[in-house]
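Same order as they appear, the protein sequences are chains A and B. Read in order, the letters of the first sequence are residues 1 to 261 in this note's numbering. Read in order, the letters of the second sequence are residues 262 to 617 in this note's numbering.
Calculated directly from the structure, the hints in this document are not laboratory data.
Simulated pairs of lysine to any residue, SDA-like, Cα-Cα distance not exceeding 20 Å: (1) B/Lys352 to A/Leu158; (2) B/Lys352 to A/Pro183; (3) B/Lys337 to A/Tyr170; (4) B/Lys337 to B/Arg268; (5) B/Lys322 to B/Thr336; (6) B/Lys551 to B/Met582; (7) B/Lys352 to A/Leu178; (8) B/Lys416 to B/Glu339; (9) A/Lys255 to B/Glu357; (10) B/Lys506 to B/Gln522; (11) B/Lys506 to B/Cys525; (12) A/Lys255 to B/Lys352.
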Amino acid sequence: MKKRRLHNLFIFLVFSFLFLPIIILVIYSFNSSSMNTLFEHFTLDWYKNLFNNRDLIDAFTNTLLVASVSTIISTIIGTISAYGLYKYNFPLKNLVNWLIYIPIVIPEIVLGISLLSIYTLMKLELSLFTIILAHICFSIPFVIVSVRSTLSKEISVLEEAAKDLGANNYIIFRKIILPIIYPAMISGATLAFTLSLDDVVISYFTAGPGSNTLPLYIYSMIKTGITPDVNALTTLMILLVFTILISITIYQSHKIRKAII
Amino acid sequence: MKKILIRLDKVSKAFGKNNVIKDFSLDVYEGEFLTLLGPSGCGKTTVLRLISGLETVTKGKVYIDSVDVTDIDATKREVNTIFQNLALFPKMTVVENISFGLKMKKIPPNEINKRVKSIIKLVKLEGLENRYPNELSGGQQQRVAIARGIIMNPKVLLLDESLCSLDLKLKKSMQVELKKIQKKLGITFIYVTHAQDEALSMSDRIVVINNGKIEQIDSPENIYQHPNSVFVADFIGEANIIDAKVLDNKDSLKLSYFNDQVICINTIEEFNIGETIKLVIRPENVIVSKEDKKGILGKITGITYEGDSTKLSIELNNEIMIDARIVDKDTFDEDDIVYIRFSKNFIVPLRNRYEK
Chain A
1 MKKRRLHNLF IFLVFSFLFL PIIILVIYSF NSSSMNTLFE HFTLDWYKNL FNNRDLIDAF
61 TNTLLVASVS TIISTIIGTI SAYGLYKYNF PLKNLVNWLI YIPIVIPEIV LGISLLSIYT
121 LMKLELSLFT IILAHICFSI PFVIVSVRST LSKEISVLEE AAKDLGANNY IIFRKIILPI
181 IYPAMISGAT LAFTLSLDDV VISYFTAGPG SNTLPLYIYS MIKTGITPDV NALTTLMILL
241 VFTILISITI YQSHKIRKAI I
Chain B
262 MKKILIRLDK VSKAFGKNNV IKDFSLDVYE GEFLTLLGPS GCGKTTVLRL ISGLETVTKG
322 KVYIDSVDVT DIDATKREVN TIFQNLALFP KMTVVENISF GLKMKKIPPN EINKRVKSII
382 KLVKLEGLEN RYPNELSGGQ QQRVAIARGI IMNPKVLLLD ESLCSLDLKL KKSMQVELKK
442 IQKKLGITFI YVTHAQDEAL SMSDRIVVIN NGKIEQIDSP ENIYQHPNSV FVADFIGEAN
502 IIDAKVLDNK DSLKLSYFND QVICINTIEE FNIGETIKLV IRPENVIVSK EDKKGILGKI
562 TGITYEGDST KLSIELNNEI MIDARIVDKD TFDEDDIVYI RFSKNFIVPL RNRYEK
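Please construct the entire structure, taking both the sequences and the accompanying hints into account.
Right, here's the structure in full:
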């Protein structure tokens with residue numbers, strides 16, 4: 001009994017540690033005081049304010065745009081790369097396999113600086129486009145690693161079986177491979193989307209004038225003080241993320257149940 | 262004259278520097294059940310893959326129905342394979358799996374439906390049409406794989422150790438079913454296995470392969486009773502292999518063995534006087550008795566009970582071990598002194614050429 005109580009206490013502490021900051025943020029988004037220190041009384045003013053703050057809304061739409069476009073493109077490129085790496089043998093394949101991990105382990109700041117210098121060299125004007133390019137660059141390896149883990153020896157036998165039954169390479173990929181790697185693609189894409197959504201460092205180096213993203217906007221507010229409408233916006237984002245996560249979970253458990261029955 | 266459906270003409274296959282198949286020539290007749298039998302790594306699966314087109318030959322020609330298909334892709338050859346681990350498509354239902362090949366051939370949907378229905382009936386999968394492979398038992402998965410192959414009406418169905426993963430009982434019943442399906446449809450089957458019992462019970466002809474080369478092609482009876490090499494004799498069933506010397510070759514072959522024993526046997530093959538040869542004697546052709554003093558003296562050193570029969574290990578006084586198979590086990594005990602004889606019609610003389 002005592003052990004059990006200790007057990008619960010531990011779980012409680014872990015979850016408080018993880019979620020307390022978020023909960024406080026949500027609470028303060030309803031705070032009438034503009035200082036994030038004292039709670040005065042309940043208000044929805046910041047939410048109203050939010051929709052009048054042009055800069056903030058722009059930054060938010062920029063972030064969503066960058067994250068969606070970079071996720072879609074990096075998922076496509078990453079999936080094709082993973083399939084190519086699995087299917088074909090070429091000289092230095094092992095080196096390539098190893099190089100994939102570089103963008104994952106390299107410090108973000110180094111990647112940011114190097115991307116900036118490439119852009120300058122290529123005389124690319126910094127804009128939303130350059131941010132998207134940078135995000136695609138660091139997202140691809142995550143997709144590759146995720147998808148590659150599902151491509152095993154057994155899949156090559158399935159490919160042979162399909163070939164034996166007269167399927168061409170396009171159909172083999174579309175009908176046999178894709179349904180198998182699809183979940184890994186989704187998890188790779190989710191990872192890419194989240195990484196892009198909250199990236200500060202790389203965006204900082206590759207953003208041009210007028211191409212502010214939300215993390216950059218919030219970061220720049222540190223100098224002037226963070227206003228509670230940011231709290232309101234982040235609360236809305238948390239709501240969004242939770243909805244997505246819950247629907248994915250429900251969808252998957254539904255699928256698993258279907259598979260068992 | 263039976264029609265030749267598949268011809269391998271001096272085919273070789275090398276992976277890098279490793280020659281897996283060497284100068285392999287084989288004719289497969291229409292409607293037969295042919296088994297490629299050999300130890301693992303002998304190249305039997307490679308032969309199958311050369312026929313299906315999943316592997317291309319390094320040298321030689323492959324003909325299917327008199328057409329040179331050496332350079333034709335697997336997708337276009339009119340043969341289908343049932344793979345060792347079945348390779349059912351995991352994200353497709355039974356019906357989707359079975360109809361996959363017909364869809365690839367762009368057969369009209371109502372004909373696909375008709376053919377799928379009759380095949381499902383043939384392989385007894387009614388009621389499981391919409392299950393996924395992981396919701397089926399091993400035997401059911403097996404039948405889906407077979408259905409997926411035969412629905413294509415291939416000229417030849419290739420089976421790559423397809424029954425290996427099943428338990429003994431299921432294996433036996435699948436063997437019977439396979440044979441039935443083959444007879445009913447008249448499709449040529451080429452079956453690859455390392456299990457000699459499967460080969461003996463199902464095949465019309467057996468091709469014994471060793472080291473990428475054909476050792477012997479013959480009917481199961483002849484392979485078992487008249488092996489043409491020590492390898493075949495040893496690989497198929499159990500065999501006592503003993504040395505003998507040719508004394509005379511006039512009317513019948515007069516041989517001496519164990520120094521002091523002399524026997525005369527009839528054989529078509531000719532041997533030279535003085536030649537040292539091998540004799541193959543199956544354990545069931547060794548006659549063991551306690552009274553018959555004319556036989557060779559020996560002592561029973563081991564008794565292995567095998568259900569339907571019993572195997573005796575007998576040590577002769579020249580320290581040679583002979584295995585004998587008997588039906589009635591109660592007559593003998595370990596350490597008994599016995600006399601053995603070989604039934605003379607079942608002694609197979611072999612030239613010594615495969616000695617290493």
